[in-house]
Amino acid sequence: METQMTLHRASRQNASTDPSSTSQGLSQIQASCRRLADAADAEIERALNGDLQAEEFLASAHQIRGGQ
Amino acid sequence: MAIFKPRNSSPQPIRFVEGSDVPATHLMGFEQEMALCATKSSGPVPDLEILLKKLCEIAEESLIHLRGFGDSGIFIANGGRLYVDCLKYEYAGPECSDPDEMVKYLLAGERILAALASELARRTGLDDAGLYRCNVDYVGSATWGAHESYLTRSEPSKLSADLIPFLAARVITAGAGGFRPLTRTGCTFTLSPRAWHICVPMSQSSTGAGERGIFHVKDETLSTGYHRLHVLVGDAICSHAQNWLKFATTSIVVALADAGLHPAREMALCDPVDALREFASDPTCKATARAKSGRQLSAADIQRHYLKLARQHMHADWMPAWAAMAIEKWDAMLRQLDGAPDSVATCLDWAIKYRVFQSHIEKKGFDQKWLRNCTHLTDFLRCCLDATPSAASLSEFSPELLLNPRGPVRKIVSQLAPFLPSRAMEWGQLETYLKLRSELFALDFKFGRLGEKGIFNCLDRAGVLDHRVAGIDDAQIDYAAAHPPALGRAKLRGEAIRRLHKKGSRDVSNWTSVFDSGNGMLLNLSDPFIAEEIWSKKGNPNTACNFPF
Chain A
1 METQMTLHRA
11 SRQNASTDPS
21 STSQGLSQIQ
31 ASCRRLADAA
41 DAEIERALNG
51 DLQAEEFLAS
61 AHQIRGGQ
Chain B
1 MAIFKPRNSS
11 PQPIRFVEGS
21 DVPATHLMGF
31 EQEMALCATK
41 SSGPVPDLEI
51 LLKKLCEIAE
61 ESLIHLRGFG
71 DSGIFIANGG
81 RLYVDCLKYE
91 YAGPECSDPD
101 EMVKYLLAGE
111 RILAALASEL
121 ARRTGLDDAG
131 LYRCNVDYVG
141 SATWGAHESY
151 LTRSEPSKLS
161 ADLIPFLAAR
171 VITAGAGGFR
181 PLTRTGCTFT
191 LSPRAWHICV
201 PMSQSSTGAG
211 ERGIFHVKDE
221 TLSTGYHRLH
231 VLVGDAICSH
241 AQNWLKFATT
251 SIVVALADAG
261 LHPAREMALC
271 DPVDALREFA
281 SDPTCKATAR
291 AKSGRQLSAA
301 DIQRHYLKLA
311 RQHMHADWMP
321 AWAAMAIEKW
331 DAMLRQLDGA
341 PDSVATCLDW
351 AIKYRVFQSH
361 IEKKGFDQKW
371 LRNCTHLTDF
381 LRCCLDATPS
391 AASLSEFSPE
401 LLLNPRGPVR
411 KIVSQLAPFL
421 PSRAMEWGQL
431 ETYLKLRSEL
441 FALDFKFGRL
451 GEKGIFNCLD
461 RAGVLDHRVA
471 GIDDAQIDYA
481 AAHPPALGRA
491 KLRGEAIRRL
501 HKKGSRDVSN
511 WTSVFDSGNG
521 MLLNLSDPFI
531 AEEIWSKKGN
541 PNTACNFPF
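Note that the protein sequences, when read in sequence, are chains A and B.
Position one of the first sequence corresponds to residue 1 (this note's numbering), numbered consecutively onward.
Position one of the second sequence corresponds to residue 1 (this note's numbering), numbered consecutively onward.
Derived by calculation from the structure, the hints in this document are not laboratory data.
Wrong hints could be hidden among the right ones.
One side only, chain B facing chain A, incomplete, derived with CB under 7 angstroms [said to hold, decoys possible]: (1) F441; (2) A442; (3) L459.
Backbone N, C-alpha and C define an ideal beta-carbon position, used for all residues, glycine too.
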């Protein structure tokens with residue numbers, strides 16, 4: 001689902017209603033961060049459980065790039 | 001007021017300042033370097049050079065294109081260019097006239113490249129092949145650039161003082177996030193890993209280690225009558241909104257400088273490189289740097305100074321038509337950054353990564369403070385190893401080596417042991433730290449992978465990000481993959497490429513011309529705003545001289 005760009009929304013708000021300057025805004029930010037963290041957990045799990053361990057991935061990626 | 005000078009029936013006429021040939025339309029472009037990585041379970045992965053060559057072959061087979069003159073890759077139907085440089089695959093977008101277009105053509109290129117990488121894996125029997133917007137290599141010292149170009153009337157060298165403070169300060173709005181590179185043991189978050197590859201305020205070089213500058217004085221105009229400011233202090237970023245803001249704000253600041261306003265008069269920094277790194281080190285965006293005026297300035301202070309000037313001149317006839325809208329968005333973002341990092345955690349790459357890394361660190365039972373302590377400890381041990389003659393040549397940095405009762409740093413290890421508990425540390429965690437460090441680096445590397453496997457793209461699909469630019473949709477991106485922008489020479493280049501490609505001849509292109517070998521005709525594109533195809537008779541550029549255009 002396409003969301004509206006943060007900047008578009010923020011630009012319609014004046015300084016006094018900046019999300020981070022009100023308690024409602026703060027709780028919205030916290031809720032967004034929690035949703036992001038939850039989704040990140042699943043993605044981290046997937047990203048780190050590939051064929052290669054993290055260290056092996058970094059080493060192989062480095063090697064294939066020719067180690068410039 | 002600016003007036004419109006439609007030179008032909010172009011749908012969006014180019015704006016010119018009244019009574020002059022100074023364009024109010026601001027052309028800009030970008031180049032993005034990417035790392036190609038591949039895995040194969042059965043047998044060795046072919047050399048990078050072989051894979052890149054194969055990738056180029058696939059691009060030539062599958063895309064409408066003309067060969068670049070010499071050995072310079074291919075120019076494709078959207079007016080952009082694909083090529084290999086220093087073992088890095090690069091996409092240079094066509095010249096664009098507004099930030100919407102820049103984002104569209106950036107995303108279009110990334111879509112093309114993701115498809116090419118998938119096809120490479122399929123054809124070469126690899127388990128996986130991907131292109132990564134990774135910015136830095138955490139194992140070695142390689143770095144991948146995301147460069148920008150802005151058309152100016154002034155010689156770039158005359159704009160350096162006006163732009164350096166802005167380019168240092170824009171890291172809080174344009175940083176990709178990651179970890180400080182070029183460290184063998186540390187794990188310190190930064191708003192921009194590339195900032196540590198920028199070592200001098202100004203440079204001629206864009207590639208040499210220790211030589212890259214905040215301001216690039218190169219003036220390869222690639223046009224007649226204009227100059228091209230080449231910006232190399234920048235990261236490859238995924239957020240559409242962040243890319244939009246990066247292109248828009250930089251273009252506006254370049255316009256202020258190009259108009260002779262000297263926007264940085266009160267903002268000159270004592271040590272711009274140090275300031276860049278200070279700003280890049282603080283996710284709250286409150287870090288300050290000393291200005292020559294004696295004031296301590298935060299990155300937001302510096303940006304607000306430019307913003308104020310931009311607002312004062314937003315209706316000037318040399319300002320782009322989209323300036324007023326961009327200024328509002330810029331202002332909003334600076335206010336939003338007051339609550340950084342959380343307030344921008346779903347829209348700026350560095351802040352998204354900060355939250356992702358934080359999540360992983362906490363899941364492992366640690367926090368940033370512990371990571372910082374481990375960084376200090378391991379950096380210190382690495383220095384001790386380097387200072388120990390018998391161990392200085394050891395590249396390995398393992399718990400086995402460090403904790404070996406007969407190892408080279410055994411005395412230091414035993415002397416430090418009593419101090420660790422007060423910092424919630426113990427020697428047994430050394431291995432855990434090094435593993436976590438590798439995982440965080442790998443996450444950063446995989447964050448910007450093109451295509452559906454990239455972490456950023458996965459989070460986007462999960463609907464937890466807020467980074468889209470209203471009005472830029474999938475259909476427009478697909479269109480931009482195959483068609484050039486609506487105005488300027490990129491339009492003519494793209495149209496000529498599409499027409500000539502059908503002939504399958506030895507026609508060639510570069511940024512300033514297209515050569516039709518069949519008819520011996522040359523399309524001169526040295527005027528960036530040219531709106532009409534004017535062909536003239538020429539010899540074959542491949543045989544006539546080294547540089548025919």
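Structure-based check of all given hints:
1. F441: Holds, because the Cβ-Cβ distance from F441(B) to chain A comes to roughly 6 angstroms (cut-off 7 angstroms).
2. A442: 4 angstroms, holds
3. L459: Holds - the Cβ of L459(B) comes within 7 angstroms of chain A, reaching about 6 angstroms at its closest.
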